[in-house]
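Heads up: the sequence lines are chains V and Z, in that order.
So the first sequence is numbered by the working numbering: it starts at 1 and just counts up by one.
So the second sequence is numbered by the working numbering: it starts at 1 and just counts up by one.
Among the clues, some could well be false.
Stated by the list, open to error - Have a look at the derived ranges for each label pair, beta carbon to beta carbon:
1) Z/His10 to V/Arg63: 26 to 34 Å
2) Z/Glu84 to V/Val78: 32 to 40 Å
3) Z/Ser38 to V/Met11: 18 to 26 Å
4) Z/His10 to V/Met11: 26 to 34 Å
5) Z/Arg9 to V/Asp55: 33 to 41 Å
6) Z/Pro83 to V/Val78: 46 to 54 Å
7) Z/Glu84 to V/Phe47: 25 to 33 Å
8) V/Lys70 to Z/Thr16: 46 to 54 Å
No wet-lab data here; the hints were simulated from the structure.
Virtual Cβ for every residue (Gly too), placed ideally from N, Cα, C.
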Amino acid sequence: AQKITQTQPGMFVQEKEAVTLDCTYDTSDPSYGLFWYKQPSSGEMIFLIYQGSYDQQNATEGRYSLNFQKARKSANLVISASQLGDSAMYFCAMREWKGGSEKLVFGKGTKLTVNP
Amino acid sequence: ETGVTQTPRHLVMGMTNKKSLKCEQHLGHNAMYWYKQSAKKPLELMFVYNFKEQTENNSVPSRFSPECPNSSHLFLHLHTLQPEDSALYLCASSQEGQHSGANVLTFGAGSRLTVL
Numbered sequence: 001a002q003k004i005t006q007t008q009p010g011m012f013v014q015e016k017e018a019v020t021l022d023c024t025y026d027t028s029d030p031s032y033g034l035f036w037y038k039q040p041s042s043g044e045m046i047f048l049i050y051q052g053s054y055d056q057q058n059a060t061e062g063r064y065s066l067n068f069q070k071a072r073k074s075a076n077l078v079i080s081a082s083q084l085g086d087s088a089m090y091f092c093a094m095r096e097w098k099g100g101s102e103k104l105v106f107g108k109g110t111k112l113t114v115n116p
Numbered sequence: 001e002t003g004v005t006q007t008p009r010h011l012v013m014g015m016t017n018k019k020s021l022k023c024e025q026h027l028g029h030n031a032m033y034w035y036k037q038s039a040k041k042p043l044e045l046m047f048v049y050n051f052k053e054q055t056e057n058n059s060v061p062s063r064f065s066p067e068c069p070n071s072s073h074l075f076l077h078l079h080t081l082q083p084e085d086s087a088l089y090l091c092a093s094s095q096e097g098q099h100s101g102a103n104v105l106t107f108g109a110g111s112r113l114t115v116l
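Model the full assembly from the supplied sequences, consistent with the hints where possible.
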């Protein structure tokens, strides 16, 4: 079963507007972490933001915020004031701790295009 | 040099060739990873090394052979590959053992492999 689901293969947003990228996850563990990474065409995965399962408040990092709804198992990424440089693939990932080892499981990604 | 460096960035090889991908991290991390990224599929975890010891082999075919001589270097030796092995191979590192907080994976820019 897929553990990370990103239902939007592609999204378009106008420059300076906000956009929400969806992510739902599936785990039975009480302790987990949620990450968002950005992958521009150059290939490198760039860490954007992290949310721990026990964190009471939604994570924010500059123009990035994570809308964490634990009961719904969703961790949507909100990018405010989009810039042309935000055009890239965005991956949601979940870290699980099982049997003393840690794994990072990724979704299929969402391709964001920012239009001028 | 800082971060995670992967070489070569691009590699084209025949099915009978033997080649290696190299990854080096300058972050003082104790864990290193190989991920495979194929088109329209989630990133697939291949191998994990923690303090030079392999802690994860995610059912990877034996034509992929990892080597971790020390905590800073990771290799992926390739031999008798198939065309379906063509993909972007991403190396990452992290500081394992921190079961709380954002234990972030830092990725390299990847090695784009084409098998003819």
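Check each numbered hint from earlier against the structure, then list the numbers of those it violates in ascending order.
Result: hint 6 breaks, nothing else.
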